[in-house]
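Chemist: Sequence order for the protein chains is A and B. Each residue of the first sequence is one higher than the last, beginning at 1 in my numbering. Each residue of the second sequence is one higher than the last, beginning at 1001 in my numbering.
Careful, some of the hints might be misleading.
[What the hints assert, rightly or not] Just so you have them, the derived chain A footprint on chain B, three or more residues with Cβ under 8 Å:
#	region
1	1063-1073
2	1104-1117
3	1207-1215
[Stated by the list, open to error] Computed cross-link-like contacts, DSSO-like style, restricted to lysine-lysine with a CA-CA straight-line distance of at most 27 Å:
#	chain 1	residue 1	chain 2	residue 2
4	B	Lys1165	A	Lys203
5	B	Lys1059	A	Lys206
6	A	Lys74	A	Lys203
7	A	Lys249	B	Lys1214
In case anyone wonders, no lab produced these hints; they're calculated from the structure. Backbone N, C-alpha and C fix where the C-beta goes; we use that ideal spot for every residue, glycine too.
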Amino acid sequence: MVNIGIMSFAHMHAYSYAACFNALPGVKLAGIWDDDKKRGQAAAKQFNTTYTGNLTQFLSGKMEGVCICSENVKHRSMVEEAAAAGKWILCEKPLSPSLEDAKAMVKACKQAKVGLGAAFPCRFAPTLMAVRDRIRAGEFGEIYAASCTNHGQSPGGWFADDVLAGGGATMDHTVHVVDLMRWIFDREFTKVHCESGNQLHKKTLKTDDLGSLNLEMEGGMQVSHLASWSRPKSYPTWGDVTMEFIGSKGVLYVDAFGQKVNVYSDRAARSEWASYGDNPDLGLVHDFIESIRERRSPCASGEDGVAATAVTVAAYKSIKAGKAVRI
Amino acid sequence: MNVLLIGCGGMGRMHAEMISRSGLTLAVCADEARPAAVALAQKYGAKAVTDGLKAIENKNIDIVAIATPTPEHLPLIKAAARAGKHIFCEKPFCRTVKECEAALAAVDKAGVKLFVGHVVRYFHEFETLREQAKSGRIGEVGFVKLYRGGLLPNGPKSWFADYKKSGGVTMDCMIHDLDWLRYTFGEPKRIFCQALMKSKPVFMDYSQVTMRMKNGIIATVIGSWAHPAGFRVKAELCGSEGLIAYDSAEAPLTSMLRSESATGSMIVPSSPVSESPYLREWLDFVQWIDTGKCPRVSPADALKAVAMAEAALTSARTGQPVAF
């Protein structure tokens, strides 16, 4: 039996991960810690586990791994505490909005000899796994360009608060695609230009709600990426991850969450997409459990998280400088 | 009014039909390739010639329609203006802003009318997109995504594959979207572009643009001449209270012909309308000549479109944004 704890339900993905831990055989969601007592207690009740308000006490428990889903800027201190307690760690993305913090987290886990994973569940979406396999098998020849999107609805709350999130939509919705590209091609990003705005929510947000990025990877591949909270409340789903690849032997387009059926219900105010197929979160969580059993790093490691943060940090630098910058 | 059509390729054939349908007489078809000129002339009962420049001097001609490769636009416009003819010119206006300015000067001096075919302004779907955006239905528009892509026209041996002549997909094809953005959302502030312009191992171009408008709107435009088949247009307008999306792949008509070839058949989408956008641009031009009512596209608009595409290509070369 692998015992797992969850630290903070500030990020809504914690609810999905908790359900996944509960669904996996041989795994026990042993406890929840949250700096928001009410939220933590409610989650403990929902997922049939116990709530602990004291972090030291929580980390002295018998669980072997923790999943951290706090506000972005709190990731570092929580990872450092969990690492010091010898726990395997799965940290919600972005690993950190700050490159310095992200690197410190990796270092802390190395020193404590624990595994650190960045939560990039897209790596476990069968649509994207197929994309990776087919591109790496050479089906589309050499890939010269890619156009990507990661749009979403506005998550509101701390996500749109610079102090807690460390950035806006450009931060929130760039790291997935950056990680996917690095994972598919085993190459690093070298250059980025970014235009961003806070103009889709009548300036009610304290951060950017949209970023249009033009990037370059090692070898010169040109990549565009749109990160936004541009899906309105009336949109039939939360958002998307799409990628178009231009290769010497052909083109490939993927709508990663396009496995859906359309639902028109008079009980809802909008039409909806109901998804079918695999749940990528389950794959992510399963890999994390396996990494604990095998005492290895999770599939997307802390280093991968650092690399993704390096790109978003450079994107914000480009916004400020008004020009393309090296990563 | 009698029309001289110079350039009897793909766009020339299209314009020949629109000329005849808009109540004009296609009098002369000119193309360096005689068979192309003859074939089109026969269809419309026109005269076929190989020397377009010389045909411009013909006294019976009222309008010169130019559908040649882009670098030939300037000398033809200059000659037509000198001869006092009105001019219909396929986009892009000219290959460079400098050439556009020279053409404008010639047209102004001669006092003739010049229309450049930015036909996307006349496409029904783009009209509806524009109306919906302007109606306030999705609140304040903050973000626009446009996509236009398909095959490199006429294959690697065509003049389109000579990026020096055509300016690639950015100058020849994406210019439609750049023009429509300015038409709908006002002046651009700065532009960033990445353009592939490959000739080895295959001819293909793929252009990715981020453009900031003066009013703050961010536009992301993708243009492709990198697809092995098909043609697709997508548009998405994001506002503070909603989103408007269009995708040509969701056409009301799709057909697929049985094919003997090894590569199989292709789905061909279509969206029929009673009045083709190409006819609408011709009717707008003719009305300008007849009544003086300004058309939807001015020569200054056409120059500005070239300026945007040129700035994009400069950005692609330097790797930095270009301000307007």
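Chemist: Work down the list of hints and note, for each, if the structure agrees.
Modeler: Hint check results:
1. A stretch counts as covered by a chain when three or more of its residues have a beta carbon under 8 Å from one of that chain; for the region 1063-1073 of chain B and chain A the count is 0, and the coverage is violated.
2. Closer than 8 Å: that is the beta-carbon criterion, and the region 1104-1117 of chain B has 0 residues meeting it against chain A, so the requirement of 3 is violated.
3. Here the region 1207-1215 of chain B counts 3 residues with a CB under 8 Å from a CB of chain A, which clears the bar of 3, and the coverage holds.
4. Distance hint between Lys1165 of chain B and Lys203 of chain A is unfulfilled; the C-alpha atoms sit about 44 Å from each other, more than 27 Å.
5. Of the pairs offered as hints, the one joining Lys1059 of chain B and Lys206 of chain A is violated, with about 67 Å between alpha carbons and a cut-off of 27 Å exceeded.
6. Only pairs whose Cα atoms come within 27 Å are accepted, and Lys74 of chain A paired with Lys203 of chain A is accepted, the gap being roughly 26 Å.
7. For the hint linking Lys249 of chain A to Lys1214 of chain B, the alpha-carbon distance of about 39 Å lies beyond 27 Å, and the restraint is violated.
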